[in-house]
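Colleague: Could you put together the complete structure from these sequences and hints?
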Amino acid sequence: MNCETAKEQLVLLAYGELTFDEEEALEQHLDGCLDCRADRVKLERVAGLLEQGEPVAPAGLLLRCRRDLSERIGAERSGAGRWLSAGDLWRRWVVHPPLWARPLGAAAMLAVGFLGARLVPADSPALARMGVPQEQPAVVSRVRLVNPDNSGRVRVLYDEVRQRELTGALNDDHIRRLLLTAAIDPADPGIRVDSIDLLKQHCSNDIVRKALLNALRSDTNAGVRLKALEGLTTFARDPETRKVLAQVVLTDDNPGVRTQAIDLLVQNKQPEVAGVLQELLRREENSYVRSRSQKALSEMKASVGTF
Amino acid sequence: MEAGSYASARSITAMDEAALIRAAQAGDQDAFERLVRTYDQSVLRLAMNLLRSPEDAYDIYQEAFLRVYKNLRNFRFDCSFHTWLYRIVTNLCLDHMRKRKVRRTESTVVETSSGPVDLLDSVAEERAHGDPQRVLLSRELKGKIEETLGGMTARERMVFEMRHYQGMRLRAIGEVLGTTEEAAKNCLFRATQKMRSALGAFV
Numbered sequence: 001m002n003c004e005t006a007k008e009q010l011v012l013l014a015y016g017e018l019t020f021d022e023e024e025a026l027e028q029h030l031d032g033c034l035d036c037r038a039d040r041v042k043l044e045r046v047a048g049l050l051e052q053g054e055p056v057a058p059a060g061l062l063l064r065c066r067r068d069l070s071e072r073i074g075a076e077r078s079g080a081g082r083w084l085s086a087g088d089l090w091r092r093w094v095v096h097p098p099l100w101a102r103p104l105g106a107a108a109m110l111a112v113g114f115l116g117a118r119l120v121p122a123d124s125p126a127l128a129r130m131g132v133p134q135e136q137p138a139v140v141s142r143v144r145l146v147n148p149d150n151s152g153r154v155r156v157l158y159d160e161v162r163q164r165e166l167t168g169a170l171n172d173d174h175i176r177r178l179l180l181t182a183a184i185d186p187a188d189p190g191i192r193v194d195s196i197d198l199l200k201q202h203c204s205n206d207i208v209r210k211a212l213l214n215a216l217r218s219d220t221n222a223g224v225r226l227k228a229l230e231g232l233t234t235f236a237r238d239p240e241t242r243k244v245l246a247q248v249v250l251t252d253d254n255p256g257v258r259t260q261a262i263d264l265l266v267q268n269k270q271p272e273v274a275g276v277l278q279e280l281l282r283r284e285e286n287s288y289v290r291s292r293s294q295k296a297l298s299e300m301k302a303s304v305g306t307f
Numbered sequence: 001m002e003a004g005s006y007a008s009a010r011s012i013t014a015m016d017e018a019a020l021i022r023a024a025q026a027g028d029q030d031a032f033e034r035l036v037r038t039y040d041q042s043v044l045r046l047a048m049n050l051l052r053s054p055e056d057a058y059d060i061y062q063e064a065f066l067r068v069y070k071n072l073r074n075f076r077f078d079c080s081f082h083t084w085l086y087r088i089v090t091n092l093c094l095d096h097m098r099k100r101k102v103r104r105t106e107s108t109v110v111e112t113s114s115g116p117v118d119l120l121d122s123v124a125e126e127r128a129h130g131d132p133q134r135v136l137l138s139r140e141l142k143g144k145i146e147e148t149l150g151g152m153t154a155r156e157r158m159v160f161e162m163r164h165y166q167g168m169r170l171r172a173i174g175e176v177l178g179t180t181e182e183a184a185k186n187c188l189f190r191a192t193q194k195m196r197s198a199l200g201a202f203v
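Just so you know, the sequences run in chain order A and B.
With the first letter of the first sequence counted as 1, position 200 gets the number 200 in our numbering; the numbers rise by one all the way through.
With the first letter of the second sequence counted as 1, position 35 gets the number 35 in our numbering; the numbers rise by one all the way through.
Fair warning: there could be bad hints in the mix.
[Unchecked claim] Calculated cross-link-like contacts (lysine-lysine; reagent style BS3-like; alpha-carbon spacing at most 30 Å): (1) Lys42/A to Lys194/B; (2) Lys301/A to Lys243/A; (3) Lys42/A to Lys144/B; (4) Lys7/A to Lys70/B; (5) Lys269/A to Lys301/A; (6) Lys7/A to Lys99/B; (7) Lys295/A to Lys70/B.
Hints are computed from structural coordinates only; laboratory data are not their basis.
Since the structure is predicted, the reported quantities are computational estimates derived from the model, not experimental observations.
Modeller: Encoded structure:
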């Protein structure tokens with residue numbers, strides 16, 4: 001294999017697109033070619049840099065997309081054709097009614113108004129649209145017991161999920177409790193980011209701080225973890241926070257999160273920080289994270305390696 | 001150099017997916033919603049990465065899933081649902097990118113109540129906060145990546161995006177773009193070469 005072919009195949013090797021035989025041939029070439037080995041390292045570094053160039057969708061965008069799509073599909077379902085003919089009727093009988101029908105129309109509208117008000121059920125969605133508070137219909141989440149009796153009736157015991165809306169200040173206990181629940185909602189990272197973003201304004205509260213630490217330690221979404229890190233800035237001295245930060249620096253799979261955690265950790269240059277950064281340098285592959293920890297170690301006048 | 005979004009979108013098994021599609025074709029709204037939620041994060045990410053604008057990504061998301069909704073009855077399982085969906089998304093993005101190229105005046109700077117803001121500044125830069133040298137380096141790097149992506153052909157960019165950030169195999173990319181694996185491979189090679197020579201100073 002010559003260097004030209006090897007350079008082409010290095011790209012495919014990096015993306016795991018070579019066959020076993022092609023990979024073997026390339027590895028053999030790399031063993032004997034310093035130039036191509038250097039090229040491989042360069043390619044890996046470029047890949048590391050590219051992670052920083054990926055745009056992050058603003059928090060809430062996914063949620064907005066889902067909500068609007070749901071509305072548009074709802075409108076689609078109603079059917080355009082039906083509305084067209086309804087539109088014709090509206091124009092013919094309401095906008096430009098025949099003269100003879102106008103007094104009748106006025107009387108009919110009054111009657112419909114009175115009758116309508118009496119007939120609209122208390123839980124009608126129309127009332128919600130008019131701003132009248134109402135209970136949402138409950139969704140049965142689980143039936144726990146079905147017990148028929150001799151008279152032909154059945155007793156059913158079930159759990160229900162009800163949609164409610166609550167508005168309040170951020171320091172309101174109910175709001176905070178809901179935000180804490182939303183911060184661990186597995187279904188939607190957008191909601192988690194928004195909730196963590198709001199909670200971090202009140203991280204003097206111990207429960208909130210613990211929620212932020214939990215999100216930083218275990219949330220699957222890097223955006224959520226970055227938000228949690230922002231919220232923990234004022235706790236850079238807290239021993240429990242520092243312990244989690246050290247763990248994140250060494251184990252988080254996102255270079256941005258690792259970098260941010262390093263920055264927070266080195267705000268207090270305690271002796272164990274050097275050990276953590278030296279351990280990080282031993283295993284870190286991302287060039288930017290490496291240079292950040294090397295810089296921190298040199299600022300602490302510590303060696304970059306362990307002896 | 002693998003990304004996780006494609007893998008996570010594929011966490012639903014093929015059998016579950018076929019059942020969901022059939023239910024959605026029969027008019028089951030919950031099934032349709034589950035299908036959307038299986039793929040919508042990676043669709044939004046793909047559109048966001050290709051178009052680099054939240055509003056454009058929003059438009060692509062809406063248009064793509066509306067098309068899926070309207071045409072799902074015609075889906076005959078000739079290819080995977082993922083391939084079919086991504087064909088729709090990439091075609092919409094290609095159209096968008098071509099239109100944008102024609103306009104040529106496209107700017108990422110938007111007017112807000114607090115003055116003009118460059119949308120590209122929203123690219124994950126929060127972590128650079130507090131270190132001017134890092135902010136500068138990060139901004140310079142992002143500018144270079146942006147410029148290089150802008151210099152790629154639409155197809156090179158599609159292939160690069162789907163392979164690098166979405167973690168899709170070249171064969172699957174070929175299927176989505178209606179081309180061969182070999183052609184996708186060549187696109188990837190050219191795109192990577194461009195990126196490598198542009199970012200040479202940063203490594």
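Colleague: Do the alpha carbons of Lys295/A and Lys70/B lie within 30 Å of each other, as the hint requires?
Modeller: violated, 56 Å
Colleague: Between Lys269/A and Lys301/A, is the straight-line Cα distance small enough, at 30 Å or below?
Modeller: Between Lys269/A and Lys301/A the Cα gap is close to 10 Å, so the pair holds against 30 Å.
Colleague: Measure nothing beyond the straight line between the CA atoms of Lys7/A and Lys70/B; if it is 30 Å or shorter, mark the hint as holding.
Modeller: The given pair, whose Cα atoms are some 46 Å apart, is violated under the 30 Å limit.
Colleague: Would you mind confirming whether the straight-line C-alpha gap from Lys7/A to Lys99/B stays at or under 30 Å?
Modeller: violated, 35 Å
Colleague: Is the straight-line distance between the alpha-carbon of Lys42/A and that of Lys194/B 30 Å or less?
Modeller: holds, 13 Å
Colleague: Given the hint that Lys301/A pairs with Lys243/A, test it: the Cα-Cα distance must not exceed 30 Å.
Modeller: holds, 22 Å
Colleague: Straight-line Cα separation of Lys42/A and Lys144/B no greater than 30 Å?
Modeller: Status holds; Cα separation ~17 Å.
The earlier numbered hints that this structure contradicts are 4, 6, 7.
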